[in-house]
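On the provided structure of chain A, position chain B as indicated by the hints.
Each chain, written out:
Number of protein chains: 2
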Amino acid sequence: VDKMETSNSIRFGMQAVFTAQPGKGEELAQILLQASQVVSHLEGCMIYLVQVASADQDKILITEVWENQEDQQTSLANTEVRELINRARPLIVAMEHTPAKPLGGKGL
Amino acid sequence: VDKMETSNSIRFGMQAVFTAQPGKGEELAQILLQASQVVSHLEGCMIYLVQVASADQDKILITEVWENQEDQQTSLANTEVRELINRARPLIVAMEHTPAKPLGGKGL
Numbered sequence: 001v002d003k004m005e006t007s008n009s010i011r012f013g014m015q016a017v018f019t020a021q022p023g024k025g026e027e028l029a030q031i032l033l034q035a036s037q038v039v040s041h042l043e044g045c046m047i048y049l050v051q052v053a054s055a056d057q058d059k060i061l062i063t064e065v066w067e068n069q070e071d072q073q074t075s076l077a078n079t080e081v082r083e084l085i086n087r088a089r090p091l092i093v094a095m096e097h098t099p100a101k102p103l104g105g106k107g108l
Numbered sequence: 109v110d111k112m113e114t115s116n117s118i119r120f121g122m123q124a125v126f127t128a129q130p131g132k133g134e135e136l137a138q139i140l141l142q143a144s145q146v147v148s149h150l151e152g153c154m155i156y157l158v159q160v161a162s163a164d165q166d167k168i169l170i171t172e173v174w175e176n177q178e179d180q181q182t183s184l185a186n187t188e189v190r191e192l193i194n195r196a197r198p199l200i201v202a203m204e205h206t207p208a209k210p211l212g213g214k215g216l
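Protein chains in written order, with this note's numbering: chain A, 1 to 108; chain B, 109 to 216.
Among the hints, erroneous ones may be present.
If you want the ones that stay clear, here's a sample from chain B, every Cβ over 12 angstroms from chain A, calculated [unchecked claim]:
(1) Gly131
(2) Lys132
(3) Glu178
(4) Thr182
(5) Ala185
(6) Asn186
(7) Glu188
(8) Arg190
(9) Arg195
(10) Arg197
(11) Leu199
(12) Val201
One side of the interface only, derived from the structure: several residues of chain A facing chain B at Cβ under 8 angstroms [to be verified]:
(13) Val17
(14) Ala29
(15) Ser54
(16) Leu61
Quick caveat, the hints were computed from the structure, so don't treat them as lab data. Since we're looking at a predicted model, the values are computed, not measured. Note that CB positions come from ideal geometry on N, CA and C, so glycine has one too.
Isolated chain A, as found in the complex (with noise of 0.2 angstroms):
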């Protein structure tokens, strides 16, 4: 793929929370911190951490950064991050999502 270096500004990122049903955060946890196994090979992505809130261990916190976001969109398609989401869905009882641009800092 001859990509010129992708330039700061059309970066894409996003926040979220998912909330899992009671007691089984732990489990969607180990889900999400596979998918950022397969997703870290994928073309464009730069951050996928998966963090566990401190007050509810059912609530969990994901962080990302792509050089774009059609490789965010292209990585949905991904059959082992198909199979991941699909087994992670039924866990899932809540979530907020805040897509973003990412400005700097410490990490990109």
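Structure of chain B alone, referenced to chain A:
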């Protein structure tokens, strides 16, 4: 500082969403980007990511990861960090703040 390799388990992280005064999102983001520069040199800072919500330019998203909570607390006493916090405070109308434990993923 003779610190044994800090194990994964005591890492400290968070996601935050700052809502700026109307029209002040850009100014707040610039201050938080400066803060990310300062903390990037401080002991234990692993990730300090600044993003702006795509749907609302006055919503600034922060993801942080530290080797441990102690280092994060120490950073709040840093004179430059305190000065930036004081500059940011009047611009902020609301803040959602979720302390968390980083579990893994790409970027750590």
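The hints, checked one at a time:
no.: 1; hint: Gly131; result: holds, 17 angstroms
no.: 2; hint: Lys132; result: holds, 15 angstroms
no.: 3; hint: Glu178; result: holds, 15 angstroms
no.: 4; hint: Thr182; result: holds, 16 angstroms
no.: 5; hint: Ala185; result: holds, 19 angstroms
no.: 6; hint: Asn186; result: holds, 14 angstroms
no.: 7; hint: Glu188; result: holds, 15 angstroms
no.: 8; hint: Arg190; result: holds, 19 angstroms
no.: 9; hint: Arg195; result: holds, 17 angstroms
no.: 10; hint: Arg197; result: holds, 19 angstroms
no.: 11; hint: Leu199; result: holds, 15 angstroms
no.: 12; hint: Val201; result: holds, 17 angstroms
no.: 13; hint: Val17; result: holds, 7 angstroms
no.: 14; hint: Ala29; result: holds, 6 angstroms
no.: 15; hint: Ser54; result: holds, 4 angstroms
no.: 16; hint: Leu61; result: holds, 5 angstroms
When the structure is compared with the earlier hints, no violation turns up for any of them.
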